[in-house]
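**Student:** Here are the chains, one letter per residue:
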Amino acid sequence: MEHQPNHSDPAATTPEAHGEEQHHPGWSTYWKVALILTLITVAEVWAYYIPSFVASRAFVPSLLIMSAVKFVIVVAFYMHLKYDHKLFRALFTGPLLIAALTLISLLFLFGQLVARFGR
Amino acid sequence: MSAPAAHHYTSTGLDSRKIAIWAFIGSECMLFVSLISTYLIYKGRSLVGPYPHDIYTSPSGEVFKPILNIPVTSASTFVLLMSSLFMVLALSAVQNKNLPKRTRGDRILGSSKLWLWGTAIAGTTFLAFQAYEFTSFVHEGLTIRTNLFGSSFFTLTGFHGAHVTAGVIWLVTLLAIDYRRGLGPADAMNVDLAALYWHFVDVVWIVIFTLIYLIQ
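The listed protein sequences correspond, in order, to chains A and B.
Quick note on numbering: this note's numbering labels position 37 of the first sequence as 37, and the sequence is numbered without any gaps.
Quick note on numbering: this note's numbering labels position 15 of the second sequence as 1015, and the sequence is numbered without any gaps.
Isolated chain A, as found in the complex (with noise of 0.2 Å):
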């Protein structure tokens, strides 16, 4: 078995029985992914291409979500977030949440979020 751990129970303790890996998805899916990936990176680029747009009050906050759902699509399919172990999960949002609080807070105190909301 290609995962077998030294363990004197090897089913109590296969990554199967922890759900390290459990089904990850196939080809097709991967192909779909790149599909939305580029259509929203298309979009993004479309959209700063439109003056009209990106003087509006909603440019920034359709980009930041378009950024967003990039970036949970990649690290749910192609990093395999989604289907791996819980653990794993928190070892990357922990830091993840811990760092964007640290910049929302550094934007607060220093950045262009102290002119919008004054001190």
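Hints were generated in silico from the structure; no laboratory data involved.
Think of the CB as a built atom: it goes at the ideal place given N, C-alpha and C, for glycine as much as any other residue.
One thing to keep in mind: the hints can contain errors.
To be verified - Cβ pair distances, simulated, as ranges:
id: 1; chain 1: B; residue 1: ILE1055; chain 2: A; residue 2: SER56; range: 29 to 39 Å
id: 2; chain 1: B; residue 1: GLY1044; chain 2: A; residue 2: ILE104; range: 37 to 47 Å
id: 3; chain 1: A; residue 1: ILE65; chain 2: B; residue 2: VAL1063; range: 32 to 42 Å
id: 4; chain 1: A; residue 1: THR29; chain 2: B; residue 2: ARG1107; range: 16 to 26 Å
Could you slot chain B onto chain A? The hints should help.
**Tutor:** Just chain B, lined up with the frame of chain A:
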């Protein structure tokens, strides 16, 4: 090497190398967010041009156009996204190496060498785009010492480029192993670790592309 000795299981039943790479990726998140924070904090605070999205006229009357080249960067972004597809297909090919390949399509999809080559070439192409971009910026008067934008931009994208370079070297070592003895299901974890690193580099670029290039 015997099969049990090749694996590194922890008390959780999970492979320690995979736990390590996820912990490493978590720490890398913090590194890149600190660099992105620096860029965003300094955004719009450069006293002299060139600027990313605005025209700048120097005191001597020299006019600098907006320096970011969106069409070129969009192309390099597409190349990096496709490299992630190639990487995940390479991993799938290694995992399913022992399955019978009846059709030509099966043989193409099952060729780990093809997809590893594709990923390495796409990564190198991305680096070539970045080298072109950096060179053109220097020719247009923007260096790492010109202004706050130049310092934070070159540091951020330079760090990312260094990570892509490390990823390409990793891929080349996998290719060398594949040519030497062939990669099979027993090597799937090694390829998976490289794939996780490669996809992380890709998601970092997804964020950089939006925050630095597209949002004005």
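**Student:** If a hint holds in the structure, say so; if it does not, say that too.
**Tutor:** Going through the hints against the structure:
1. ILE1055/B - SER56/A: 29 to 39 Å: violated, 22 Å
2. GLY1044/B - ILE104/A: 37 to 47 Å: violated, 18 Å
3. ILE65/A - VAL1063/B: 32 to 42 Å: holds, 36 Å
4. THR29/A - ARG1107/B: 16 to 26 Å: The hinted range 16 to 26 Å holds for THR29/A and ARG1107/B, with Cβ atoms some 20 Å apart.
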